[in-house]
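Q: In the order they appear, the protein sequences are chains U and F.
Take the first sequence: its position 139, counting from 1, is numbered 139 in my numbering, and each next residue is one higher.
Numbers in my numbering are just positions in the second sequence, counted from 1, shifted up by 1000.
In short, the hints are calculated from the structure, not lab data.
Hints may contain errors.
[Unchecked claim] Under the rule of at most 27 Å between Cα atoms (straight-line distance), these lysine-lysine pairs were calculated in the DSSO-like manner:
#, chain 1, residue 1, chain 2, residue 2
1, U, K270, F, K1023
2, F, K1187, U, K89
3, F, K1187, F, K1118
4, F, K1023, F, K1187
5, F, K1297, U, K89
6, F, K1019, U, K89
[Stated by the list, open to error] Where chain F lies over chain U, by a calculated footprint (3+ residues, C-beta under 8 Å):
#, region
7, 7 to 15
8, 27 to 40
9, 44 to 53
10, 88 to 94
11, 171 to 185
12, 248 to 258
[What the hints assert, rightly or not] Short, incomplete list of chain F residues facing chain U, as computed with Cβ under 7 Å:
#, residue
13, G1029
14, L1033
15, A1120
16, S1126
17, F1135
18, S1222
19, V1265
20, F1281
21, D1292
22, Y1293
Note that beta-carbon positions come from the ideal geometry of N, C-alpha and C, so glycine has one too.
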Amino acid sequence: MFILIRMTSYLVLGSLIFILGFIIMKGYPAISWEFISEMPMNEMTQGGILPAILGTLYLMIGSALVSIPIGIITAIYLTEYASRPGLVKVIRLGVSNLAGVPSVVFGLFGLALFVVFLDFGTSIIAGSLTLGVLNLPVIIRSTEEALMTVPVTYREASLSLGATRAQTIFRIVLPSALPGVLTGVMLSLGRAAGETAPIMFTAASYYAPDLPDSIFSEVMALPYHIYVMATAGTHIQETRHLQYGTAIILILLVLLLNSIGLVLRYRFRKRLKG
Amino acid sequence: MGIKKSSLAGNASSLIIEKIFEKLVLVIGLTCLFVLLLIMIFLFGEGIPLFSDVSLSDFLLGSQWYPTSGNPRFGIMPLITASVAVTLLASAFAVPLSLAIAVYLAELASPRVREIVKPAIEIIASIPSVIIGFFGMVAVAPFLQRQFNIDTGLNLFNAALMLAFMAVPTIASISEDAISSVPVSLKEASYALGANRWETIFHITIPAALSGIWTAVILGISRVIGETMVVLMVAGGAAIMPDSLFDPVRPLTSNIAAEMAEAPVGGSHYHALFAIGIILFVITFFFNIIADYLSSKYKFKGS
Chain U
1 MFILIRMTSY LVLGSLIFIL GFIIMKGYPA ISWEFISEMP MNEMTQGGIL PAILGTLYLM
61 IGSALVSIPI GIITAIYLTE YASRPGLVKV IRLGVSNLAG VPSVVFGLFG LALFVVFLDF
121 GTSIIAGSLT LGVLNLPVII RSTEEALMTV PVTYREASLS LGATRAQTIF RIVLPSALPG
181 VLTGVMLSLG RAAGETAPIM FTAASYYAPD LPDSIFSEVM ALPYHIYVMA TAGTHIQETR
241 HLQYGTAIIL ILLVLLLNSI GLVLRYRFRK RLKG
Chain F
1001 MGIKKSSLAG NASSLIIEKI FEKLVLVIGL TCLFVLLLIM IFLFGEGIPL FSDVSLSDFL
1061 LGSQWYPTSG NPRFGIMPLI TASVAVTLLA SAFAVPLSLA IAVYLAELAS PRVREIVKPA
1121 IEIIASIPSV IIGFFGMVAV APFLQRQFNI DTGLNLFNAA LMLAFMAVPT IASISEDAIS
1181 SVPVSLKEAS YALGANRWET IFHITIPAAL SGIWTAVILG ISRVIGETMV VLMVAGGAAI
1241 MPDSLFDPVR PLTSNIAAEM AEAPVGGSHY HALFAIGIIL FVITFFFNII ADYLSSKYKF
1301 KGS
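Produce the entire structure from the sequences given, and follow the hints as far as they go.
A: What follows is the structure, encoded as structure tokens:
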């Protein structure tokens, strides 16, 4: 029975390796410098995926501008300022419920509020705001965890030297918690890069002949590009190699961000223990 | 925190800044609640108008989904059935797998193995759903089609397999936390009474961690219900009642994603898709409240 349990764990790990290996084996011939640096050509059956890479980067940056400041300050409120336990409880419940809202519902919300009601149209800004609120729980949770591990004695020492509460938070507490905060930032960037449903109706376009020129432009994005090329149009079979290639780029981007996040967290926890 | 406000800071202007900052932090701290409220306002605001055209029972129980025909029908029973079927089947795969991993990591694996397996499980959680959906389309679907000699590999079974893979990290890692937090004294007492490792795990440790395991399962299921890209790409997309595990289906989430682009803003179809959004929101909200309740009520304290 113990053997069965061990085999099950290896089975799941094996599937992970198989999935990644399968896509990499099929896709690596498509990868070249031209693939990541050129515009698509001939109705996207040839050429590169530069606009999709740039679009995803814009959405990552835009969503980070929303989620990082709001997320960190919310975590500061919860750990450093909150004096009413009832309110803290309600906010925490709000955070965990926000984390559970399906991504397609965030898409509907972004469509109704940012695209239609605020009239931003399908745009970088509408997609960034949607991904930004979707990522709030990610940042809040990891920042909160990081802030709570900073010893109370640090704060007491700072306050007793005459620093104000805000000075203590910005000069002492946040710097000590920085690796943990960065973990949240990396995980949220990875999520912004990989999510498809929230940007389908708020930011992404099937094909944009030009690179975006303002935050009110539609953009191509890596995950949406994979979805569209794999499911729509008349060239699904001919563009398979491009689909695999795009999938590799997206996997590399997301895995890179997540591994940085996980390494930072691992080191941070180790440092606190030791 | 129990730390007194500093009064040594000196001049009045810095105290004013301090006060302003404190208020600002409170206001921003409320953002999440504000966002949740906005989500509800806009979902209900855009979804409720459907019910001036269609009755709630026709919407929930109707078996025909023809949103764009001349005489449109907005019955979502086939979509609900698809979501429930895919979710149940995916859970049937994912829950035993995840519990095995959780037990392995918490009780059996050596620290060295754990340091490799744990991050690998977290990596699974980070893979974008569109990648899993893509793999389901290009690798799993042709395999199923050949193996079972069926019309299409894009079906309920394939979608459930892919969703199960995505749910494993959520269920496994939360269950593992629950199992690891069972006090050592309980296990020692069990060994002292002569129970072996196997008996201790199944009769003492797992029952003691059960509320945490339930939390994990509920959160995992909630994630499966809300997952969109995988079912959109892999489930086949037919809005009809499935007869077998190998029929193509169209769950609620994929229906929204597939049709929103073609639904004119403000029309009945548009409102109907938001009404489906309300259902998803309410279901996942409910599941999260239960999970939160379970995890806060039965936590081992100070072990």
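Q: If a hint holds in the structure, say so; if it doesn't, say that too.
A: Comparing the hints with the structure gives:
1. Using a Cα cut-off of 27 Å, the hinted pair U:K270 and F:K1023 is violated, with the two alpha carbons roughly 35 Å apart.
2. About 33 Å separates the Cα atoms of F:K1187 and U:K89, which puts this hinted pair outside 27 Å; it is violated.
3. Restraint check for F:K1187 and F:K1118: the C-alpha separation of about 23 Å stays at or below 27 Å, so the hint holds.
4. Straight-line distance between C-alpha atoms of F:K1023 and F:K1187 comes to about 49 Å, which puts the hinted pair past the 27 Å bound.
5. A distance of roughly 14 Å separates the Cα atoms of F:K1297 and U:K89; the hinted pair therefore holds under the 27 Å criterion.
6. As the CA atoms of F:K1019 and U:K89 are separated by approximately 23 Å, the hinted pair is consistent with the 27 Å bound.
7. Proximity of the region 7 to 15 of chain U to chain F, defined as three or more residues with a beta carbon under 8 Å from a beta carbon of that chain, is established by the 6 residues found.
8. Here's how the region 27 to 40 of chain U fares: 0 of its residues keep a CB closer than 8 Å to some CB of chain F, so the rule of at least three is not met and the hint is violated.
9. Counting residues of the region 44 to 53 of chain U whose C-beta lies closer than 8 Å to any C-beta of chain F gives 0; at least three are required, and the coverage claim is violated.
10. For the region 88 to 94 of chain U, the stated coverage by chain F holds: 4 residues have a C-beta nearer than 8 Å to a C-beta of that chain, and at least 3 were required.
11. Only residues whose C-beta sits within less than 8 Å of a C-beta in chain F count toward coverage, and the region 171 to 185 of chain U has 0 of them, not enough to reach three; the restraint is violated.
12. Residues of the region 248 to 258 of chain U with a Cβ under 8 Å from some Cβ of chain F number 5, which satisfies the need for three, so the listed coverage holds.
13. Annotation: interface hint on F:G1029 holds; nearest CB of chain U at approximately 3 Å, less than 7 Å.
14. Of the supplied interface hints, the one on F:L1033 holds, with its beta-carbon coming within about 4 Å of a beta-carbon of chain U, less than 7 Å.
15. Because the beta carbon of F:A1120 sits about 5 Å from the nearest beta carbon in chain U, less than 7 Å, this interface hint is met.
16. Given the 7 Å rule on beta carbons, the hint for F:S1126 holds: about 4 Å separates it from the nearest Cβ of chain U.
17. A distance limit of 7 Å between C-beta atoms decides the matter here; for F:F1135 the minimum to chain U is near 5 Å, and the interface restraint holds.
18. Here the hint on F:S1222 is kept, as its CB sits about 6 Å from the closest CB of chain U, short of 7 Å.
19. Hint status for F:V1265: holds, given a least beta-carbon distance of 6 Å to chain U, under 7 Å.
20. About 5 Å separates the beta-carbon of F:F1281 from the nearest beta-carbon of chain U, less than 7 Å, and the hint is met.
21. This hint holds: F:D1292 has a C-beta 6 Å from the nearest C-beta of chain U, less than the 7 Å allowed.
22. Hint status for F:Y1293 relative to chain U: violated, with the closest Cβ pair at about 10 Å, above 7 Å.
The structure fails to meet hints 1, 2, 4, 8, 9, 11, 22 from the earlier list, while all remaining hints are met.
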